[in-house]
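Trainee: Heads up: the sequence lines are chains A and B, in that order.
For this note's numbering, add 306 to where a residue sits in the first sequence, where the first one is 1.
For this note's numbering, add 121 to where a residue sits in the second sequence, where the first one is 1.
Treat the hints with caution; some may be incorrect.
[To be verified] If we take Cβ atoms under 10 Å as the criterion, some of the chain A residues that face chain B in the derived model are:
1. 349
2. 352
3. 357
4. 371
5. 448
6. 467
7. 477
Read the hints as simulated data drawn from the structure, not as lab findings.
Just so you know, these numbers come straight off a predicted model, no measurement behind them.
Positions of the beta carbon are idealized from the N, C-alpha and C atoms, including for glycine.
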Amino acid sequence: MTEPHLSAIEVELASVGELDPERQLHLQSCKLCQFEVEQLMRGAEAFLDAQPFEAFALGAVKDALPPEPLRPVRWTRRAALGSGVMACAAAVALFVGTSSPPELRLKGGSSFSAILARGSTQSEHVGEVRIRAGDRLRFSVVLGEEATVRLELNEGEDAPLQLFDGGRMSPGQYFVPEAALRAEPPLIESRVRFYLDGTLADELYIRVEEDE
Amino acid sequence: MTEARPGGLTRREIEGIYERFGFVLHRRCRALLRDRAAADDALQEVFINLIKYGRAYREVEAKLPWLYRVADRCCFAALDRRAKLPTPMGEPVELPPAPVEIGEERRLEDRQRVLSMLSQLSPEDRNLAVLAFVEERDQGEIGRLLGFSRQTINKRLKSLRARALEVVEAES
């Protein structure tokens, strides 16, 4: 029997990375459904470009919002859209042109890396990445086996900022949707810690590139 | 760190929800309210509710369906408020965005008709209409979600379509 196409709700779930794993199998093999999910994701990008959170927060929600955090914001979080299978599909395009894929592999065949986007170029980094203002960073997690995944951002003496807590995740490649960052001055050095099953598995140092 | 209000979410959490789900929530509000400005207002209301009472979000595994329930409640409340106002004559009605999958014409017509009379439905029928015509879930799945047999859902959907047709014919 032919597997039915994704319903409207399933397309939406896929666009935010919450599609049921069984239906992800269909999505992986169905160009039509992939197209629909991609269209929705493009719509979401346009929506956020047209009305970023800062603009939305000026509406009626303004009075209800808790105050801004006191610590200086050095990073603007800019959630990427979707993960899971769509991330896998996107990864194909993203890694085209990456000259040196990361060699570091962690226990269980897992790996953690940063994807640095600068203008129209993208590069993948493990262990350390050097940034400038305006750079965008995303994190890629490859899981060789099922595990709980957590990412923390450590800046100076501040308490670590939890970037992502994905709970138990199936094997596969993910772009971590909540942990996409845009570098804004003043830049400071920081590091992202990658925890697998509650244990520190890898660290990535974010260093500020010196002016040439 | 930003302090959450009792029962609510932090600013950072709210921002994360907006960036990840804001678009699909707005789209949902537009489908239910059939009006962009009303959807903008409803989205604000959704987030006000999350800020004040959304703590359960942290524990929920399937975030989107849970957020949709919040959005639905806000939209239904807006529909109820709208139903109490006198109907302006000749005001253009904004149609909801086309569903992702364009199906046969009849299904689209049913969808349009039923969504246009959401404000006249009971809370139970509203939920049924949303699951069937907005989320496009199949009858077996709707039955499981609402605790009815497939046959019951089938009957109720038929009656919903018939009522919607009557309303449209009466209005025209």
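Trainee: Hints first: check each against the structure and report whether it holds.
Mentor: Taking the hints in turn, this is what the structure says about them:
1. 349: For residue 349 of chain A, the interface hint holds, since the closest Cβ of chain B sits about 6 Å away, which is under 10 Å.
2. 352: With a minimum Cβ separation of about 8 Å from chain B (threshold 10 Å), the hint on residue 352 of chain A holds.
3. 357: holds (8 Å)
4. 371: holds (6 Å)
5. 448: violated (21 Å)
6. 467: Result: holds, 8 Å to nearest chain B Cβ.
7. 477: violated (19 Å)
Hint compliance for this structure: hints 5 and 7 are not met, and every other hint is.
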